[in-house]
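Those protein sequence lines, which keep their order, are chains G and V. Counting in the working numbering, the first sequence runs from 1 upward without gaps. Counting in the working numbering, the second sequence runs from 488 upward without gaps.
Careful, some of the hints might be misleading.
[Said to hold, decoys possible] Derived Cβ-Cβ restraints for the label pairs, each shown as a range:
{"id": "1", "chain 1": "V", "residue 1": "Gly820", "chain 2": "G", "residue 2": "Cys42", "range": "26 to 36 Å"}
{"id": "2", "chain 1": "V", "residue 1": "Leu868", "chain 2": "G", "residue 2": "His279", "range": "26 to 36 Å"}
{"id": "3", "chain 1": "V", "residue 1": "Asp819", "chain 2": "G", "residue 2": "Cys42", "range": "19 to 29 Å"}
{"id": "4", "chain 1": "G", "residue 1": "Asp195", "chain 2": "V", "residue 2": "Ala825", "range": "38 to 48 Å"}
[What the hints assert, rightly or not] Calculated cross-link-like contacts (lysine-lysine; reagent style DSS-like; alpha-carbon spacing at most 25 Å):
{"id": "5", "chain 1": "G", "residue 1": "Lys83", "chain 2": "V", "residue 2": "Lys840"}
{"id": "6", "chain 1": "G", "residue 1": "Lys79", "chain 2": "G", "residue 2": "Lys58"}
{"id": "7", "chain 1": "V", "residue 1": "Lys874", "chain 2": "V", "residue 2": "Lys745"}
{"id": "8", "chain 1": "G", "residue 1": "Lys134", "chain 2": "G", "residue 2": "Lys110"}
{"id": "9", "chain 1": "G", "residue 1": "Lys393", "chain 2": "G", "residue 2": "Lys483"}
{"id": "10", "chain 1": "G", "residue 1": "Lys197", "chain 2": "G", "residue 2": "Lys20"}
{"id": "11", "chain 1": "G", "residue 1": "Lys83", "chain 2": "V", "residue 2": "Lys864"}
{"id": "12", "chain 1": "V", "residue 1": "Lys864", "chain 2": "G", "residue 2": "Lys79"}
{"id": "13", "chain 1": "G", "residue 1": "Lys79", "chain 2": "G", "residue 2": "Lys197"}
Treat the hints as calculated values from the structure; they're not laboratory data. Keep in mind the model is a prediction, meaning the values are calculated, not measured. The beta-carbon is built from N, C-alpha and C at its ideal position, and this holds for glycine as well.
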Amino acid sequence: MNASDKYEAVIGIECHVELKTASKMFCACPNEFGGEPNTKVCPVCLALPGALPVANRKAIEHMVRAGLAFDADIPAFSKFDRKNYFYPDMPKDYQISQFDMPLTQGGEVKYWLEDGTMKVCRLTRIHLEEDTGKSTHAGSGDGRIAGSSHSLIDFNRAGVPLMECVSEPDIRSAQEAVGYLDALKRTFILLGVSDVKMEEGSLRCDANVSIRPIGATELGTKAEIKNMNSFRSVERAIEHEIARQIGVVESGGRVVQETRGWDEVNGTSISMRSKEQAHDYRYFPDPDLVPIEVARAFVDRIRGEMPEIPWRRFERYRAEYGFNVKQTTQMIEDGALADYFDECVRLSKNPQQALNFVLGDLSRLANETDVAVVQSKVTPQEVAELIGLLESKTINSKIAKDLLGRMWAGAGSPRAIVQAEGLAQTSDEGAIEKFVDDVLAANPAVVADYKAGKTNVAGFLVGQVMKTSGGKANPPMVQALIKKKLG
Amino acid sequence: MAAQSTAAQIAREVNAGTVSAREVTDATLERIDSVDGRVGAYLTVLHDRAREFADRVDARVAAGERLPLAGVPLAVKDNMCLTGTRTTCGSKILEQWVAPYTATAVARLIDAGAIPMGKANLDEFAMGSSCENSALGVTRNPYDLARVPGGSSGGSAAAVAAHEATVGVGSDTGGSIREPAAFCNVVGFKPTYGRVSRYGLIAFASSLDQIGPFSRTVQDAALTYDAMGGHDPMDSTSLDVPMETTADGLLDDLRGLKIGIVREFDTEKLDGAAHALYTRAYRDLQALGAELVDVTLPTADYGLATYYLIAPAECSSNLARFDGVRYGLRVDGDDVTAMYEATRAAGFGPEVKRRILIGTYALSSGYYDAYYVRAQKARTLISDDFKRAFGRCDLIACPAASSPAFPFNSKSDPYSMYMMDYYTIPMSLAGLPALSVPCGWVDAGAGKPMPMGLQLCAPLLSERLLLGAAHAYEQATNHAQTHAPRLDEAVVS
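Given the sequences, and given the hints that come with them, work out the whole structure.
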């Protein structure tokens, strides 16, 4: 038995997500990524003496939205607390956060693995806090603090609203961790609460990893892994940590509680601090901010505006339409596109053909022209018409493809185009026979090949007939006729 | 315009054009230049800026505006920001810090026509009851230069008493307006917590700090309060309820009012002269038509202990930002932690350090429930006591301080200094509006009569009634006028 088969990993994830709001959490400065250092600052986010915070209502709304998406409890009463510790890029030397009365409590994130298995990870809470500034260490050549002569701080990010999603230790593998994070990401994007751009730091996560013998119910000692800057690095870091802990235990050692930093370049992690060095944050209610009363009517209004949550859509597409995992995942990744697709299905009653068009030709056209499908000139109504024309065999798939290109350019109703240009497919046997005869007469060599047993040249002949007919001949009839004539 | 003029008189004349704001300002600056060497009310005198502000007021009046505080000389406690001026909090850590923005309350007073003459001294970060904790200057009591002006807003109180300003603004956390007002023979008023915006007031204890006026008459306190009170969107704790004006609600008598005398604040415990003085003050209230009723505040004795957990806890967090990173004093160290430690060791005085230590301890894991949480519960009980008491009366009367101003260096242990706020802290914990109005003189030795203050306290948001009643008492008794400041005596160090 392999060492790794004896153990089970137990993983919980803490995720920081920057909220998408016009202004920062406690002041009117713009909440935008980048910019010249220290240009998006004011007395409040620089923590000048005497400045006071005022909570951003939109951020609180986003929190309620995020909580409802995961069926979390939204308590009627919440408050902000101060988390006290000294850090140069944290201007007040305390962070306004939430300690014992977060805006959302509990809830669960449903996600799926590549094979379509649905998984559930319970949430402990989602709470609201503010981001810090960013330090740059100068004079050491490599940007590290060791050996640097001085540090520069940019406070543009200080005070950006941040929600922290804390999961229960329900995750059992690195792949599950990625599935969970994907679910958070697509849900937050769908809700418009965050852009979730890991490269801009708008999603950052830490993982608490422990192992225990399979069958054990007690939790092992955990290590907290930090500095993972992509989903791929989350996966690698967790895999590495599980292997590291198994190695420690298998060699007779004990896992110690510590914080470890992931080193993406070297594919390893380094101990940053042990439990003994843990901070006492001296949390207490922030006296500068009044408690938040979350009115039920406010929650109900937001509940009423909620879109269909991705995992529900995933299950619906799988159960009702029988789509495969890859197609379904691709389809729901963009909420607006999925809404468009739903409209196409509603009007055409043909999910498979709608999926083919939306993920196929329409997405290709979108890529080529850099215009989103939902913003294009092609309406779901027109897509449904096109599907109808195909279903009634009025046109074949080649004509349909051409029509889509023209519809993308703004040609309008496909039915009208077909009528105006006589593009309807012909099923008139006499007419098709004439096309077939012409093609056979014009290609004696190919006909000879066929008769000599090279039956795969039939495809060429069908193609020639289609071409001669201007694409209008009914392809199955053409096939049948050629076969019959060449007997 | 005499330096003794009230704000109401100055504003009337400036608005009428019979005197200019510039003339009032020049006269006041002259007074400051002649007496502040002895009083030490100001850390910074704004000679040029004051004249600029005055010229602007004169231009506005000339353009037809009528301003409630037109040309009124104002002393601003140096823990309130005013753009372009040094704002020190009486601390070495902010000694050279120039504010890039203006506190809402100060901005509103300037908009109402007041002229900031300077930034007034205070106990460092408003922590103290004598002004002796200022790291940047000594302020003396204008009625006896050998005595303290009280604190923490001692500079603002002394400036108004010495006619170096007509009105002042201070901040009151546990008595920092009322106690120095009593010591300096002026009116000092702490409004309901949340009535005046704290935006731009450098925080000591956020849940207790409240800005309020100093003046030589109740009417001037009312005019100043009316000009700066009301909701401010920049301060989440400022009350978003309609602002009731007070200057038009001053009373002539106290008929129909029930005034509570607090059983636990029995003045027999005080010095005999002080006891006699308060006994007379209560009789005077009665003579004005008030009915005196006996009320009880059983938890009032716990006020000091409660306050000295909550206020230090908040201050330990509020003062964390003075770390040498972004502004203020920086003392370099080998790494950032060493820099923090060296900066804060050099920048903060002993009382500030003591309170940061107490507060850090009270919030620590394992002690939080025993100290901070219990103190918050005690705070609720104290508020409930007041609610019950106000079920039986309209106002409460009691001393503002247990003694008149004391000589420098006479309170050597912190506890005896903390006791100076025994009568004012319970109202602060309950967020109630309260004021001190001059109520007579006692001989504090050396044949120098020293003023004392009567504290009146009202239910939440009852500023109009409170100031109205204080006005009736002031007009009937006129104690403030009995003696003039004694600034000609030799300065005893």
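Verification of the hints:
1. In this structure the hint that V:Gly820 and G:Cys42 lie 26 to 36 Å apart at CB holds, the actual value being about 29 Å.
2. Checked against the hint of 26 to 36 Å, the C-beta distance between V:Leu868 and G:His279 comes to roughly 33 Å, which is consistent with it.
3. Distance hint check for V:Asp819 and G:Cys42: the Cβ-Cβ separation is about 28 Å, which falls inside the suggested range of 19 to 29 Å.
4. For the hinted restraint 38 to 48 Å between G:Asp195 and V:Ala825, the CB-CB distance of approximately 39 Å keeps it satisfied.
5. Simply put, G:Lys83 and V:Lys840 have alpha-carbon atoms about 20 Å apart, close enough for the 25 Å limit, and the pair holds.
6. Restraint check for G:Lys79 and G:Lys58: satisfied, since their Cα atoms lie roughly 16 Å apart, inside the 25 Å limit.
7. Between V:Lys874 and V:Lys745 the CA atoms are separated by roughly 15 Å; this keeps the pair inside 25 Å, and the hint holds.
8. For the hint linking G:Lys134 to G:Lys110, the alpha-carbon distance of about 34 Å lies beyond 25 Å, and the restraint is violated.
9. The suggested pairing of G:Lys393 with G:Lys483 holds, with an alpha-carbon distance near 21 Å, which does not exceed 25 Å.
10. Between G:Lys197 and G:Lys20, the direct Cα distance comes to roughly 11 Å. Compliance with the 25 Å bound is thereby established for this hinted pair.
11. Restraint check: the Cα-Cα separation between G:Lys83 and V:Lys864 comes to about 22 Å, which is no more than 25 Å; the hinted pair holds.
12. At roughly 18 Å between alpha-carbon atoms, V:Lys864 and G:Lys79 fall within 25 Å of each other, so this suggested pair holds.
13. About 28 Å separates the Cα atoms of G:Lys79 and G:Lys197, which puts this hinted pair outside 25 Å; it is violated.
The structure does not agree with the numbered hints 8 and 13 stated previously, though it agrees with the rest.
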